[in-house]
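Here the protein sequences line up with chains A and B, keeping their order.
Sequence positions in the first sequence follow our numbering and run 1 to 414.
Sequence positions in the second sequence follow our numbering and run 415 to 506.
Source of the hints: derived by calculation from the structure; they are not laboratory data.
This list has only true hints and no planted wrong ones.
Just so you have them, the derived chain A footprint on chain B, three or more residues with Cβ under 8 Å: (1) 419 to 427; (2) 465 to 475; (3) 480 to 494; (4) 497 to 504.
Straight line, CA to CA, 27 Å or less: simulated DSS-like cross-link-like pairs of lysine-lysine: (5) K270(A) with K260(A); (6) K363(A) with K287(A); (7) K297(A) with K467(B); (8) K297(A) with K363(A); (9) K253(A) with K287(A); (10) K467(B) with K287(A).
Quick caveat, the model's predicted, so the values are computed rather than measured.
From the three backbone atoms N, C-alpha and C, an ideal C-beta is built for every residue, glycine too.
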Amino acid sequence: MSQTAARNLGPATALTCRECGESYDLGPHYACELCFGPLEVSYDHTGVTREQIESGPRNIWRYRGLLPVPTNVTDTPNTEPGFTRLVRADNLAESLGLRSLWVKDDSGNPTHSFKDRVVAVALAAARELGFKVLACPSTGNLANAVAAAAARAGIRSAVFVPSDLERQKIVTTAVYGGTFVTVDGNYDDVNRLASEIAGEQDDWAFVNVNVRPYYAEGSKTIGYEIAEQLGWRLPEQIVIPIASGSQLTKIDKAFQEFIKLGLVEDRPYKIFGAQATGCSPVSAAFKAGHDVVQPVKPDTIAKSLAIGNPADGPYVLDAVRRTGGAIEDVSDEEIVDSIGLLARTEGIFGETAGGVTLGALRKLLASGVLDPEAETVFINSGDGLKTLDAVAPVAVPSANIAPTLEAFRKAGLA
Amino acid sequence: MSSISVRIPTILRSYTGGEAEVKATGSTVREVVADLDANYSGIAARILDDNGKIRRFVNVYVGEEDVRFADGLDTPTPDGAQISIIPAVAGG
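All chains, please: the whole structure from these sequences, using the hints.
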């Protein structure tokens, strides 16, 4: 693996420990050598303007001046995720009694989840750092994204998933080729295995392990896009699903960067987190007033959020409390109900994580924590086609009839 | 005294002369960490915080079990057990 000092990672300047502040040169590091704390990319990106961004491509690379990627990132084969639609959800808003509601629909990415964003950034950085293989432990969406991005880049992928994953996610990973391993264990077991393999395979970039500081920055683009698509302003409330917690903390980072760069007005916003009750360690810590997160063993249909030991849990608690938000969790029944509500009101088929997020929004609204008058955005992070089993029992045809007009009339369908 | 095999993460291998796996003794995780420190001076302070607890961003496993689900530093380490020390900052 390349150990040269000169790296073209655009505006990135260093890696800094979030816990103790120790600084490291840009390189294949992810945990602080002193305290094991997570390393975070530091930047010099002064001078980025709205005009520069608006003149860029209609994908995440329009924000390349704010990401740890080479300045010529668009010259090498990669996926072009992002700039997914921000849907004004008037029907859903009316049914819930909200004044202004938007859905950031990230099912529109190349492999149908927000993971294409983080993987595209990880791939660009991994190449620059000299890695040869793109790898990950995954609950499914990341598996799809890594396998597809590696195929596009013409490099090997190595993907590890729990063996009980949804069939749709198995097929939509295997189809891209590469090394694809199902592991007898839950996600946290797979994650541990990946960390151990990463310690042995020097030229494997586990995107969410040893390349995680770069990878995680990709989630900032969700926040950038929401602000830009709202007409260069921040929403007043945003509801975000929590798995590892990285997406939530990076959307917060994106909003803070836009404020510091003067790209949006500095006004308060509240961040709300959403978990499934069957895997709710961060929600439980929030409700108990704790600042540490006790790991749990997940049991929920929202498998893409089933991380029992969330790496960014403490930082989620910080961001939510700092902005005056809250964290809520919802049952499997509430998840299925909210998937249906989003589909019926807005024509958007979200995956279980989307059901978790809308479900939490509804619960926070009902308990008076969410302000119905404030402009609100929630994230649908993936596509319902990947979690068909969750809704299959309730999503059924209205009738089955013979191909005759008589049968149609008899069935009372007019 | 139990004989334990300990997997060392990359960022601690400067203490073990580059070794990815070392032997230690002890009947609990706490004793194993103390024994490691006797042989690789300073390594315990990387794993444990100033209050002697496992650092927030360190996961310790006995076999496949995260000791936070067991008895933490008091988790027993039977003879022949495999301990893994792994940075917690991963996943998602």
